[in-house]
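With these hints in hand, go ahead and build the complete structure from the sequences.
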Amino acid sequence: MARFWCAVLILACLELSTRVGTAPICSYGQAGCHTPSLADIFDRVIQQSSRMHGISSDLHSEFEQYFFPSKNLIGKPKCHTHGIVTPADKENAQRLGREQLTEVILRLLGAWGDPLLQLYRSMSQDQNQDFNHYSSNKALEISDMVHELRDGVAKMAEKMKLSGVLGNTVGYISPEGLVPSSSFSFYKHGELNSMDHHDLLYCFRRDSNKIKNYLQILKCTTLPGLDC
Amino acid sequence: MKKVLEVILLLLLLVVTHAKGTRYSPPGKPALTRCRSPEKETFTCWWEPGSDGGLPTTYALYYRKESSDTVFECPDYRTAGENSCFFNKNDTSIWVNYNITVVATNALGRTFSDPVDIDVVYIVKPNPPEQVAVTVMEDKGWPFIRVSWEPPHKADTRSGWITLIYEIRVKLEEENDWEMHLAGQQKMFNIFSLRSGGKYLVQVRCKPDHGYWSEWSPSSYVKVPDYFHREKSVWILITVFCAFIFLILTWLLHMNSRSLKHFLLPPVPGPKIKGFDKQLLKNGKSEEVFSALVATDFPPKSSNYEDLLVEYLEVYIPEEQELMLEKSMDLDVGCLKCEGSASDSDSGRGSCDSHTLLMHKCDGVKEEEERQAKEAHGPGYWECGLSNKQPHLLHPQAQAQRQLQARSDDNISSIGRKQTPAGLHSPARRSTEYVEVERVNEEDMVLLQPVSGRCGDVEGYPEMPYGEDYSKVKGVDMDNMLLLQREVREETENCDTSSTVTTTQKPAACIHSAMPVEGEMVLGVNGYVDTATVCTPPTY
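If you read the sequences in order, they're chains C and U. Oh and the first sequence: position 138 is 138 in the UniProt record's numbering, straight run, nothing missing. Oh and the second sequence: position 104 is 104 in the UniProt record's numbering, straight run, nothing missing.
Since the hints were made in silico from the structure, they are not lab data. Accuracy of the hints is not assured; some may be wrong.
Distance ranges between label pairs, derived from CB positions [to be verified]:
(1) Lys199/U <-> Gly113/C: 29 to 39 Å
(2) Ile245/U <-> Leu226/C: 50 to 60 Å
(3) Glu158/C <-> Glu130/U: 32 to 42 Å
(4) Val71/U <-> Pro77/C: 48 to 58 Å
(5) His82/C <-> Leu5/U: 51 to 61 Å
(6) Tyr134/C <-> Asn90/U: 37 to 47 Å
In the DSS-like style, the derived pairs of lysine-lysine whose C-alpha atoms are separated by at most 27 Å in a straight line are [to be verified]:
(7) Lys272/U <-> Lys261/U
(8) Lys65/U <-> Lys29/U
(9) Lys199/U <-> Lys125/U
(10) Lys207/U <-> Lys154/U
(11) Lys78/C <-> Lys65/U
(12) Lys76/C <-> Lys89/U
(13) Lys76/C <-> Lys65/U
(14) Lys207/U <-> Lys138/C
(15) Lys154/U <-> Lys187/U
(16) Lys89/U <-> Lys78/C
(17) Lys138/C <-> Lys78/C
(18) Lys125/U <-> Lys76/C
(19) Lys272/U <-> Lys76/C
Note that CB positions come from ideal geometry on N, CA and C, so glycine has one too.
Put into C-alpha cells, the structure is as follows:
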C-alpha cells in the first residue's frame with residue numbers, strides 16, 4: 001500500500017515537473033505573448049495557399065482523367081466567382097494596391113467556403129463511383145484549408161493594419177454580400193452531379209492560383225527581401 | 001445548252017489538271033503544336049501546317065476569349081518566326097481561357113484546325129537562369145564550389161508576380177553522369193566532395209510553381225585546385241600503419257609457426273615396427289627393409305621368452321598334487337610369465353602379456369584346473385592352455401616333468417610336476433623347468449618338450465638346467481644389487497637346444513660382480529643383461 005502511494009506521488013511530481021510551458025500565439029498583441037512576425041505569417045500563409053492549390057490541381061486532373069479521358073470535349077464553365085473583379089495581369093494587380101488586393105483575396109476565400117463543403121458532401125455521398133470514394137478526402141482537405149486560410153489572411157491583414165502597412169479600408173466581408181446567388185443557386189439545394197463537380201474543381205483550381213499569386217505580390221510589395 | 005457548256009468546262013478543267021500531273025486540293029489540316037509563355041505576361045503559339053494542296057496557302061490564327069464571343073485574329077505573326085503567333089502584353093490576360101484555332105486557306109478552300117484551350121498560367125516556360133557564376137572556395141582547407149545565378153531578366157520575380165525554383169547539375173568533364181541538386185528558391189548553392197584537380201561543368205535551370213522547366217543554362221567550367229598533398233599525407237600514414245601491423249602479424253606467426261602447424265596439420269602417428277628403418281625405405285630398397293625386419297630376433301634363438309609372441313602353456317596338475325595346488329592357488333598358478341620388460345610401448349606384445357588379461361586367464365585356468373583336478377585320472381596328462389584359450393590335451397607321449405612357474409617373483413616354486421609314479425620329488429624344489437612347444441600335430445595337439453635337454457625324453461630329472469638363460473634372483477642386497485643364485489649343473493647342454501651362451505660351469509664359487517662380466521655376457525636384442533652371467537656372492 002505504501003508502495004502504491006509512493007508511485008502515485010512520484011508520478012504526480014513527474015507530471016508537474018515535465019509540464020511543457022506553452023506560449024499561445026496571440027493575434028491581438030497582448031503583452032507577454034510570443035507573436036510571430038509579419039514575415040512569418042506571410043510565409044505560413046503563402047505555404048498554405050500553395051499547398052491548397054496543389055491539392056486542388058491534383059484533384060482536378062484526376063477528375064478529368066477518370067471521367068473525361070478525351071480532352072476538350074467539355075466546354076469551359078462559368079464560375080460563380082466571376083462577379084468578383086480580379087486583376088488579370090501584372091500591371092492591374094500592381095495598380096490595385098495592397099488594401100484592395102487583400103480585399104480581393106478575402107472575397108475569394110469567403111466565396112469558396114460553402115461550395116467546397118457542398119462538394120465534399122456530394123462526393124462522399126455518391127458511393128457508386130470509386131473516384132468519389134477515394135477523392136472525397138481531398139475535397140474535405142481543401143475545404144478545411146480554405147477556412148484556415150481565410151482566418152490566416154484576416155490575421156495577416158490585422159497585423160498589417162497594426163504595423164501601418166495597410167490602410168483601414170479593409171473590412172470583414174461577408175460571403176453572402178459578395179456572391180450573387182443567381183449564378184450559383186444550386187449549391188444551396190439540390191444535388192450535384194459529376195458535371196457540377198468538374199465545374200467546381202475547375203473554377204476552384206483557378207481561383208486558388210489567383211489567391212496564391214496575389215498573396216505573393218502582397219508579400220513582395222510589403223516586405224521586399226531575399227525571396228522576391 | 002448552258003448546262004452542257006458548264007459540264008464541258010468542268011470536265012476540261014479536270015482533264016487539264018490530270019494532264020498536268022498535279023492535283024490541287026484544299027489545304028490539309030494544320031495543327032497547333034504548342035503555346036508557351038516565358039514570363040506569364042506574353043505568350044506565343046506555334047502550329048504545324050498540313051499539306052498545302054499544291055496551291056499557295058495562307059494561315060491565320062483566330063482566338064476567342066472566355067466569356068466573350070468576339071473572335072480576334074492573331075496580332076503578330078512575325079515576331080516569333082514562321083508559323084507562329086505572338087501575343088503581347090496588351091493581348092494577354094491571365095486566368096482567362098483562350099480558345100485558339102488556326103485556319104489554312106488556299107484557292108480551293110480553307111481548313112480549320114482543332115481548337116485548343118489554353119490558360120496562360122499553365123503554359124509558363126521561363127528562360128534559363130542568367131549570370132551563372134562558379135567559384136572555388138575553401139572551407140577549413142577543403143575546397144568547394146559556390147554557384148550563383150540570377151533569374152532570367154524577363155521573369156519578374158522581384159514583384160512576386162512569378163516564383164521560380166532552381167535546379168543545378170554538375171559533372172566532371174570526362175564523365176557522363178550528372179549530379180543533380182535542387183536549390184529551391186535560393187540563388188546560390190555550394191557543392192562539396194570534389195575530386196582534387198578535377199574540371200567540372202555546372203548548369204542551372206528554373207521552373208515556375210506550376211509550369212515547365214526551362215532549358216539548361218550554358219555550361220560553366222571550373223577547375224578544382226590540387227589538394228592532393230593533403231590526401232597524400234593521409235595515405236602515407238595509413239600505409240605505414242598497415243605495414244607496421246603486417247610486420248607484427250608476420251612476427252607473431254613466425255613465433256608460433258610450430259604450434260600453428262600442429263594445430264592445423266596434426267602429426268599422424270607413424271607405425272612403430274621393430275626393426276623398421278625409415279631411412280632404408282627412403283632409399284628405396286625394399287629388400288633391405290624387409291631383411292632388416294626379419295633379421296634380428298625372430299625367431300629368437302636365445303630362449304628369451306619375453307619376446308616370443310607365444311603364450312606360455314598353462315599346465316594342469318593331477319590330483320596327487322592337489323594339495324599343493326591348493327596351497328599355491330593363490331600364487332597365480334598357471335599364469336603366464338609376464339615380466340614387465342621395460343621395452344617400448346609397441347614392442348609387439350601378445351595379449352598374454354597384459355596383466356589384467358592374465359588375471360582373467362588365470363582365473364579361468366584356475367577354474368579349469370579345479371575342474372580338471374577333480375576329474376583327473378591316472379595318466380595325468382597335462383592340459384595346457386595356449387594363447388587362444390583353447391586347452392589342448394597334451395600328448396601323453398610328450399609329457400615330461402612339467403613344472404608350473406608361479407608368477408610371483410618371491411615364490412618361485414615348483415609345483416607338482418608330473419612324474420612317473422616311481423619318483424616323486426619334493427614339490428618344494430626350487431627349480432624351474434620350461435616346456436617348449438615342439439610342434440602342433442594334425443589333431444591340433446601341442447607336442448611339448450622340455451627345453452633344456454632331454455629332447456623327447458619323457459622321464460628324467462625334472463630339473464633341467466636352463467642355466468644359460470635364466471638365473472634365479474636370490475635377493476637384493478643393500479646396494480640395490482640383484483643377488484643371483486647360480487645353479488650348477490653338470491649335464492647341461494648335451495641337447496641340441498640351441499644356446500648361444502657359453503657359461504662357465506664352476507660348481508661353487510661365483511664371481512661376485514655387480515656388473516656384468518664382459519665376454520660372458522650376452523646382451524639381448526633389447527639391450528638386456530643376461531642375468532645368467534651375473535653371479536651372486538657366495539652368501540650361503
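A quick look at each hint next to the structure:
1. Lys199/U <-> Gly113/C: 29 to 39 Å: violated (58 Å)
2. Ile245/U <-> Leu226/C: 50 to 60 Å: holds (53 Å)
3. Glu158/C <-> Glu130/U: 32 to 42 Å: holds (40 Å)
4. Val71/U <-> Pro77/C: 48 to 58 Å: violated (21 Å)
5. His82/C <-> Leu5/U: 51 to 61 Å: Given a distance of about 60 Å, which is inside 51 to 61 Å, the answer is holds.
6. Tyr134/C <-> Asn90/U: 37 to 47 Å: Once the Cβ atoms are compared, 44 Å apart, the range 37 to 47 Å for asparagine 90/U and tyrosine 134/C holds.
7. Lys272/U <-> Lys261/U: Roughly 23 Å separates the two Cα atoms, so the pair holds.
8. Lys65/U <-> Lys29/U: The given pair, whose Cα atoms are some 23 Å apart, holds under the 27 Å limit.
9. Lys199/U <-> Lys125/U: Violated, at about 31 Å.
10. Lys207/U <-> Lys154/U: Since the Cα atoms of lysine 207/U and lysine 154/U sit roughly 13 Å apart, the hinted pair holds (cutoff 27 Å).
11. Lys78/C <-> Lys65/U: holds (13 Å)
12. Lys76/C <-> Lys89/U: holds (23 Å)
13. Lys76/C <-> Lys65/U: holds (11 Å)
14. Lys207/U <-> Lys138/C: At roughly 26 Å apart (the allowed maximum being 27 Å), lysine 138/C and lysine 207/U satisfy the hint.
15. Lys154/U <-> Lys187/U: This hinted pair holds, its Cα atoms lying about 16 Å apart.
16. Lys89/U <-> Lys78/C: Judged against 27 Å, a Cα distance of about 25 Å means the pair holds.
17. Lys138/C <-> Lys78/C: holds (23 Å)
18. Lys125/U <-> Lys76/C: Holds, at about 24 Å.
19. Lys272/U <-> Lys76/C: Not OK: lysine 272/U and lysine 76/C at ~109 Å, beyond 27 Å, violated.
Checked against the numbered hints above, the structure violates hints 1, 4, 9 and 19; every other hint is satisfied.
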